[in-house]
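Put together the whole structure using the sequences plus the hints.
Protein chains: 4
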Amino acid sequence: VTVNKSADLRSVLIIRCPDETGLVHKVTGVLFRRNRNIVGTQEFVDRDKKVFFMRTEFLGQEQLAEIQAEVLSALPKGSWVQTRPLMPKRIVVLATREPHCLGDLLLRNDYGELNAEILAVVSQYDSLGSLVEKFGVPFFHVPVKEGTEREVHEAEISKILKKFEWDYMVLAKYMRVLSSRFTESYENRIVNIHHSFLPAFVGARPYEQAFRRGVKIIGATAHIVNQNLDEGPIITQGVIPVDHSYGPQDMAQAGRDVERSVLGRALKLVFDDRVIVDSNRCIIFE
Amino acid sequence: VTVNKSADLRSVLIIRCPDETGLVHKVTGVLFRRNRNIVGTQEFVDRDKKVFFMRTEFLGQEQLAEIQAEVLSALPKGSWVQTRPLMPKRIVVLATREPHCLGDLLLRNDYGELNAEILAVVSQYDSLGSLVEKFGVPFFHVPVKEGTEREVHEAEISKILKKFEWDYMVLAKYMRVLSSRFTESYENRIVNIHHSFLPAFVGARPYEQAFRRGVKIIGATAHIVNQNLDEGPIITQGVIPVDHSYGPQDMAQAGRDVERSVLGRALKLVFDDRVIVDSNRCIIFE
Amino acid sequence: VTVNKSADLRSVLIIRCPDETGLVHKVTGVLFRRNRNIVGTQEFVDRDKKVFFMRTEFLGQEQLAEIQAEVLSALPKGSWVQTRPLMPKRIVVLATREPHCLGDLLLRNDYGELNAEILAVVSQYDSLGSLVEKFGVPFFHVPVKEGTEREVHEAEISKILKKFEWDYMVLAKYMRVLSSRFTESYENRIVNIHHSFLPAFVGARPYEQAFRRGVKIIGATAHIVNQNLDEGPIITQGVIPVDHSYGPQDMAQAGRDVERSVLGRALKLVFDDRVIVDSNRCIIFE
Amino acid sequence: VTVNKSADLRSVLIIRCPDETGLVHKVTGVLFRRNRNIVGTQEFVDRDKKVFFMRTEFLGQEQLAEIQAEVLSALPKGSWVQTRPLMPKRIVVLATREPHCLGDLLLRNDYGELNAEILAVVSQYDSLGSLVEKFGVPFFHVPVKEGTEREVHEAEISKILKKFEWDYMVLAKYMRVLSSRFTESYENRIVNIHHSFLPAFVGARPYEQAFRRGVKIIGATAHIVNQNLDEGPIITQGVIPVDHSYGPQDMAQAGRDVERSVLGRALKLVFDDRVIVDSNRCIIFE
Chain D
1 VTVNKSADLR
11 SVLIIRCPDE
21 TGLVHKVTGV
31 LFRRNRNIVG
41 TQEFVDRDKK
51 VFFMRTEFLG
61 QEQLAEIQAE
71 VLSALPKGSW
81 VQTRPLMPKR
91 IVVLATREPH
101 CLGDLLLRND
111 YGELNAEILA
121 VVSQYDSLGS
131 LVEKFGVPFF
141 HVPVKEGTER
151 EVHEAEISKI
161 LKKFEWDYMV
171 LAKYMRVLSS
181 RFTESYENRI
191 VNIHHSFLPA
201 FVGARPYEQA
211 FRRGVKIIGA
221 TAHIVNQNLD
231 EGPIITQGVI
241 PVDHSYGPQD
251 MAQAGRDVER
261 SVLGRALKLV
271 FDDRVIVDSN
281 RCIIFE
Chain W
1 VTVNKSADLR
11 SVLIIRCPDE
21 TGLVHKVTGV
31 LFRRNRNIVG
41 TQEFVDRDKK
51 VFFMRTEFLG
61 QEQLAEIQAE
71 VLSALPKGSW
81 VQTRPLMPKR
91 IVVLATREPH
101 CLGDLLLRND
111 YGELNAEILA
121 VVSQYDSLGS
131 LVEKFGVPFF
141 HVPVKEGTER
151 EVHEAEISKI
161 LKKFEWDYMV
171 LAKYMRVLSS
181 RFTESYENRI
191 VNIHHSFLPA
201 FVGARPYEQA
211 FRRGVKIIGA
221 TAHIVNQNLD
231 EGPIITQGVI
241 PVDHSYGPQD
251 MAQAGRDVER
261 SVLGRALKLV
271 FDDRVIVDSN
281 RCIIFE
Chain P
1 VTVNKSADLR
11 SVLIIRCPDE
21 TGLVHKVTGV
31 LFRRNRNIVG
41 TQEFVDRDKK
51 VFFMRTEFLG
61 QEQLAEIQAE
71 VLSALPKGSW
81 VQTRPLMPKR
91 IVVLATREPH
101 CLGDLLLRND
111 YGELNAEILA
121 VVSQYDSLGS
131 LVEKFGVPFF
141 HVPVKEGTER
151 EVHEAEISKI
161 LKKFEWDYMV
171 LAKYMRVLSS
181 RFTESYENRI
191 VNIHHSFLPA
201 FVGARPYEQA
211 FRRGVKIIGA
221 TAHIVNQNLD
231 EGPIITQGVI
241 PVDHSYGPQD
251 MAQAGRDVER
261 SVLGRALKLV
271 FDDRVIVDSN
281 RCIIFE
Chain S
1 VTVNKSADLR
11 SVLIIRCPDE
21 TGLVHKVTGV
31 LFRRNRNIVG
41 TQEFVDRDKK
51 VFFMRTEFLG
61 QEQLAEIQAE
71 VLSALPKGSW
81 VQTRPLMPKR
91 IVVLATREPH
101 CLGDLLLRND
111 YGELNAEILA
121 VVSQYDSLGS
131 LVEKFGVPFF
141 HVPVKEGTER
151 EVHEAEISKI
161 LKKFEWDYMV
171 LAKYMRVLSS
181 RFTESYENRI
191 VNIHHSFLPA
201 FVGARPYEQA
211 FRRGVKIIGA
221 TAHIVNQNLD
231 EGPIITQGVI
241 PVDHSYGPQD
251 MAQAGRDVER
261 SVLGRALKLV
271 FDDRVIVDSN
281 RCIIFE
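Residue numbers (our numbering), protein chains in the order written: chain D, 1 to 286; chain W, 1 to 286; chain P, 1 to 286; chain S, 1 to 286.
Rather than coming from a laboratory, the hints here were simulated on the basis of the structure. It is possible that some hints are incorrect.
One copy or any two copies: either way a pair holds, since identical chains are not told apart in the list.
Unchecked claim - Result set (SDA-like, lysine to any residue): computed pairs, CA atoms no more than 25 Å apart in a straight line: (1) K49 x N37; (2) K26 x F53; (3) K162 x V202; (4) K268 x D250; (5) K49 x N35; (6) K50 x S127.
Here is the structure:
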């Protein structure tokens, strides 16, 4: 058992199963008999649905398949178990024209604080290409021509993405709606960031509406993308204060600042395997 | 000119007028010629609508009517000017059954940090009566009987309120919808507090929905009540972090905590005459 | 296993012991064999000192002594184990003249959100008596006369406190230094709150110094009181933003606001048995 | 008069003078007679010292010297007046080995959200060179050899800096103590960032001490560098929450995150000419 969040070679064991007595004891028993030192264990139970969630971090990265099988056999029917070595994730990024989130990822990728490696960046515009290439990351321009169907465009992107072995796709301000076919083929592997307001503003020019309404905070939400698109399971959220002196453009800049920092926090959680998706909600084991 | 937010006898001059060059100079000239020392001046201009807003705090509380008239005559047509002595406000409170906001007001009223005097509390239930009376504040129970029409109930409340000379009405978790007739008769004098979420949840049992969605922050919004009810001009907003371990009841308690503190901040701004309502927005001169 | 922080009859098991493999398995085994459903388990290991900490919350409040003995016998030498029923705490409060923290405790005690019962309030002044008595709580005025020795005054206080069976003492702005003899006799049972600054200001009139230096935030720290007094183990901390327009008195009021909310959060953690003191640090299992 | 913080060609007028009645009127009169539209005016008075501070932003960038002279002649003896066109600032950066603050500056410089242009980066190591050169910014490696005297090293740096016409020097984690001679020659033009704790830790390995003490927040302070070095006038401060599970290295990373964002906010204030240094305090007109 160790203290630091930084550290040795580790693995993570993630469980979702029907709740019953003795689950922690059974699961930790598997690790104990294999002499695996536990770094930390966290649980959560959804009382209404009677579902048990658990994340256990332990030392060593060998025999993960055996451990997974043994844990599964100790659990009730209908259980789901995943074991993974804790390793930096390999990611691809989709962007449009805004550099604030993408740039932050590239920079932290460069100085080694992202806990991930950026394999490729794809955009329908080429304006971000020079920024991406500064950092030696492959950039793919997949333009949307007049009349290009969404599915055709997405198929082109998928074709590029298939060349890479990636764990997660990050939408770093990708301003196009994705089809269900696309999101379903990468289930629970796409992370998105968007700003939002209290109250919510429907319709065009949200920053103009927010200014007219005099909102005092701008929020940002990072979430897993599923068929609900912007309404997918929330990973983390944050806010930034604004006041009446912020015009629509100033609000937009404040929105970018909070998006960048919230996306950063969300990715840290995802890349450390601390996020379990359960229907339209995330269980986060910080 | 003085520094402290606490201090001497002061007045405040509030202006909303069509924008043009030289407004600050003209307004401060009136005060200068009357040898009134300015404590602080703040302005804001709505560029699209070309409207100028200004709040000036100055020493002394005499001849306010003359100052107001003189300032008005120096301003362009269509200007609105208000002068007020800076004094503790007299308030009435409407509540239902929840004590968290009301109790905080009573307490700070009691030890003198509210910058207001609570003249009366009105509720459709009597459960808060003993708390209110502990503090020597009159409590009025105006029950809603079966079949009582909203207008009839509100008329009873208004009758009570007329006995007091009050500046502001605070809805400290008043859980009934108010009629337009009621809100219009107290224009810009009613302050409300309510919780909210990112994203917003429509329909019944919002905390249950928020739990199912796994929201990570709960917000609270304090606002002026007009015909838009919960959608009136925002005074201030705040958030409190929650996580997946919060059941609906825990979320409700977190919601109460942030409501209490946001209402406190909003009232401080209102009672210090720092809030100007402009259509559906507040200009806040902090 | 259950989800809500609110809920059924529960107990808590707290462990501090030399670290080794299999501790979680062994401890949960004791509960499993007694068919006790675990609500949640958290661990922490101090890697340098090789010390393991654990908090387990489980259903039921019977046979706690047996459970404690059985867990202790399963652990390595030098272990410390505590079992407690999760119940509202009984507290006594020491105050001086400031009502902001005390009033908040009395209020939340009154409407049942404190998770504690206030048995008595003691002060060297009588100015807070009427506030305390509003809430039907016994108030004891123990004056400090000219030449009263500290030990004599503390002995008088202790004599009063002995009449009550209390779990924790809260210093709600008690502005006198306590002797080591006093703090030692209530080890890890006294909670204090005080403001602080970045940078720290030594010497008299700290708010005056903070104003002269133009600090932008005021912090508050809630901590366990030991012989280090203000330097005891930290429970929680918070900050509030200020700016150059805050005079020393405005800063003091902002300080009171943040003290009140930080003390509230700290007591929630203490009263829910989520705080373990380890030499001069607190392990907090939120 | 305009609304947006973004906007047209503007200038700023900054005043520090003995306090007396009518100052706002006199100063705005100069601008009114020259038909200059005021965007916003803010004042502050230090009551004890009887000093008046004012910042006025107005349209146009012509005849600033004349305006300055005219305002000065309208003010009492001992006044200080500065007029400046509002323009992106030219800056030089001193760094050591840490890329987090420097990288953020380079990135926002690159996509145009810094309101400044980075002319050069200087470091005593060459490890940051490749990052800086990615962005096409000149990098100067000025090594500290064994036995190099501080003054000699600083003289070399100054020689390089003299080649550029710069407004501000940013210490983006420059880990060497600067001599008084150096800081005095760039009075009020050097901005520094450093982390700090509540309570403050003196001596070596502060993160180790903070871990042992169990601090719950880490703060960062951005300030103007004067002879007091780390104790110079504070521009802005921020905090980030941590808990007992953060080892010293995790605390250091949290410290870097808050340093980066606090430095960003401070520079925005400095580059927008919103910071007035007054002895050891900053007046900030946000």
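These are the hints, each one checked on the structure:
1. In the homo-oligomer, the alpha carbons of K49 and N37 lie at most 25 Å apart only across protomers (16 Å), although the nearest pairing inside one protomer, at 31 Å, exceeds that limit.
2. Proximity of K26 to F53 under the C-alpha cut-off of 25 Å is found in both arrangements, the shortest distances being 14 Å within a copy and 20 Å between copies.
3. Proximity of K162 and V202 under a CA criterion of 25 Å is satisfied in neither setting, with 36 Å inside one chain copy and 40 Å between copies.
4. For a Cα distance limit of 25 Å, the shortest separation of K268 from D250 across copies, 13 Å, qualifies, whereas the shortest one inside one copy, 28 Å, does not.
5. Proximity of K49 to N35 under the C-alpha cut-off of 25 Å is restricted to the inter-copy arrangement: shortest distance 21 Å between copies versus 33 Å within a copy.
6. When the C-alpha separation of K50 and S127 is checked against a cutoff of 25 Å, the pair qualifies neither within a copy, at 50 Å, nor between copies, at 36 Å.
Hints 3, 6, counting from the list given before, are not met by this structure.
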